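Q: Residue numbers (this note's numbering), protein chains in the order written: chain C, 33 to 477; chain X, 32 to 227.
Treat the hints as calculated values from the structure; they're not laboratory data. Any given hint could be a false lead.
Stated by the list, open to error - Pairwise CB distance ranges, derived in the manner of DEER restraints:
id: 1; chain 1: X; residue 1: 170; chain 2: C; residue 2: 39; range: 40 to 48 Å
id: 2; chain 1: C; residue 1: 390; chain 2: X; residue 2: 192; range: 47 to 55 Å
id: 3; chain 1: C; residue 1: 151; chain 2: X; residue 2: 93; range: 39 to 47 Å
id: 4; chain 1: X; residue 1: 145; chain 2: C; residue 2: 388; range: 44 to 52 Å
id: 5; chain 1: X; residue 1: 90; chain 2: C; residue 2: 388; range: 46 to 54 Å
id: 6; chain 1: C; residue 1: 475; chain 2: X; residue 2: 122; range: 50 to 58 Å
id: 7; chain 1: C; residue 1: 253; chain 2: X; residue 2: 175; range: 31 to 39 Å
id: 8; chain 1: X; residue 1: 119; chain 2: C; residue 2: 390; range: 31 to 39 Å
id: 9; chain 1: C; residue 1: 347; chain 2: X; residue 2: 131; range: 17 to 25 Å
id: 10; chain 1: C; residue 1: 399; chain 2: X; residue 2: 54; range: 50 to 58 Å
id: 11; chain 1: C; residue 1: 310; chain 2: X; residue 2: 103; range: 49 to 57 Å
id: 12; chain 1: X; residue 1: 122; chain 2: C; residue 2: 390; range: 18 to 26 Å
As the structure is a prediction and not an experimental result, all values here were calculated from the model. By construction, the Cβ of each residue, glycine as well, lies at the ideal position given by its N, Cα and C atoms.
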Amino acid sequence: MGHKHTIDLSTENRSLGGLSGQLIGFGAVLAVIGLVGTLLMGNLEGAFDHHTDDHSAAGHSATGHAATGHAGDDHAGGHHEVHGYNSTWSIWHPYLVAATWLLAICLGAIFFVLIHHATMAAWSTVVRRIAEAVSRNFILLALLFVPLVLPSQMDQLYKWIHPDPGDSIIAVKAAYLDYDFFLIRMAAYFLIWIGLSWWYHKNSVQQDHDGDLKRTSRMAHFSPMGLILFALSITFAAYDMLMSLDAHWFSTIFGIYLFGGSVLSFHAFLALVVIWLQANGRLTRAVSDEHMQDIGKMMFAFTVFWAYIAFSQYMLYWYANIPEETAWFLRRQENFIWGSWGWLLIIGRFFVPFLFIMSKHIKRNRATLALAAVWMLIMQWADMYYLVMPQINGGEEFPFTLLDVTIPVGFLGLFLIGLALSLRGHSLIAEKDPRMPESLAFENA
Amino acid sequence: MSDSNHTESEFETITAEGSENPQPVLILAEFETADELMSAAEKVRDEGFKRWDCHTPYPVHGLDGAMGIRPTILPWLVLGGGMTGFVGGLVMQGWMNGVDYKFLISGKPFFSIPASIPVAFELTILLSAFGAFGGMLALNGLPKMFNPLFRSDRFRRATADRFFISIEARDRRFDAPANARFLRDIGANAIEVIEE
């Protein structure tokens, strides 16, 4: 349009520079706090005892539910019911919650990269490099998932490994819920995710140097295929990592549920990274209020999307009211604490952010947007907690320990170190992307 | 169909055919480029005009600010529509299913929130959309079958390659010869006064 003066990128501070040390240092502090806290609290909770069977009684007497700790197991022999879901508390439960919490951010990041290439979006070009860097943390997450899939840990989380005798529901699924096949699938997911994030990041960074426009069209050409791979992998990963905690239960929408939370958390994380960079004098003009408003819009949209999917899943089971389908929700509703946790998600993950972030002034203000983003990330953790933890002893106890704080904090520290390593050494912006001038001039109509 | 005469301030006058006692209804100024329009709009705004408008072939970013347009109240209309739909949907189903015509369906409560959410949700969307669409039309004074601007042949280029500012006679600062001089000074290349 000519009237609006275009931003001269050459005068913009667009490299991480000294901030990488600051971010690595902060991440290291968090990681150490997480590690020390986990070791301390883990000892108090008896998490490292080898007699894991005794754990509930020993570690959770403080919760007042010690007596109910083995109720499920005790009944299993005498009654007709068999448990495809019951597990006892182990340190790997909070570990899984923390790992899937950060995995969600990475999944959202690779989706962001793919969808903006597929649609040839221009507004997002100024922040796409950050998404590419975040998605590279799949390497870290693969490492974090390695201990989880070892047989001894699998045994404590996923009861389908050793189903109760006569469990016909799991017997039917035996071909899929097979340990070797599970390992192959997990390897395939991380191969897809690491491959996609590596390829897109590599091409984008190399374009900074050679300015080759073919890279842009190649990345766009491959993105629909990448999206199909992404959709399949996130769906089955959600089934394997989270839904199979209760091997009796099934929900075909479960993958989309994880997807909604993932894209939401990534945009929240992206907003925080950009606000942090700008507070330190990076990208201060390249990323404008207009871009922040669009990131906020995506946070708003996926807040609604998450609620829509969560309710769609709930309503069908509520309506049909078939015992084997409602059991999963029953465990989350008949106990007061988990019932309240469900309301926490309805109010705290939908109504509060929905109303709070509706106004454009909230989205354009860095402080209010950061507040919303932090809240949404906490709610993503609360959501993962709600998917994993009620499986413990059939939801009859509230298994919260300080490990639920120390492990996510430690993992977040590692995540930030990984982010710093991915962001440094090249520009914070896709320098020679042909859509950059359009992105810099972007305005909401 | 229209007669035109040149005066010393050099504007054309277009008068509606068959008008008994023609009075000016608006003054129209043509600009060559969006940049000229933009700077002219800032000056018209600073001069204190209230009832005036810009006409462009495409959306010009930043023109709202140059014209000094206050933020629209449309979002509040949409919010009001949405909340009416949500509350109205729940109340309607509560009345129908829970009070007026109780009918037991597969052992569910007569009125329950989960069963009522889809209708309440759809009504939220529907009334939000009505609020956005109807509110936009009402705030813009639409539908409007005729506008005196259409009497100008020159104005047709507002859909192609020219940019216009029109000031209505209802504006307190309206004064055709003085306004014409002012518009000429701020870069207009043609001025017309439309009478009806």
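Q: All hints are to be evaluated individually against the structure, with a verdict given for each.
A: Outcome of the hint check:
no., hint, in the structure
1, X/170 with C/39: 40 to 48 Å, "34 Å, violated"
2, C/390 with X/192: 47 to 55 Å, "39 Å, violated"
3, C/151 with X/93: 39 to 47 Å, "26 Å, violated"
4, X/145 with C/388: 44 to 52 Å, "25 Å, violated"
5, X/90 with C/388: 46 to 54 Å, "30 Å, violated"
6, C/475 with X/122: 50 to 58 Å, "41 Å, violated"
7, C/253 with X/175: 31 to 39 Å, "48 Å, violated"
8, X/119 with C/390: 31 to 39 Å, "19 Å, violated"
9, C/347 with X/131: 17 to 25 Å, "24 Å, holds"
10, C/399 with X/54: 50 to 58 Å, "54 Å, holds"
11, C/310 with X/103: 49 to 57 Å, "29 Å, violated"
12, X/122 with C/390: 18 to 26 Å, "23 Å, holds"
Checked against the numbered hints given earlier, the structure breaks hints 1, 2, 3, 4, 5, 6, 7, 8 and 11 and satisfies all the rest.
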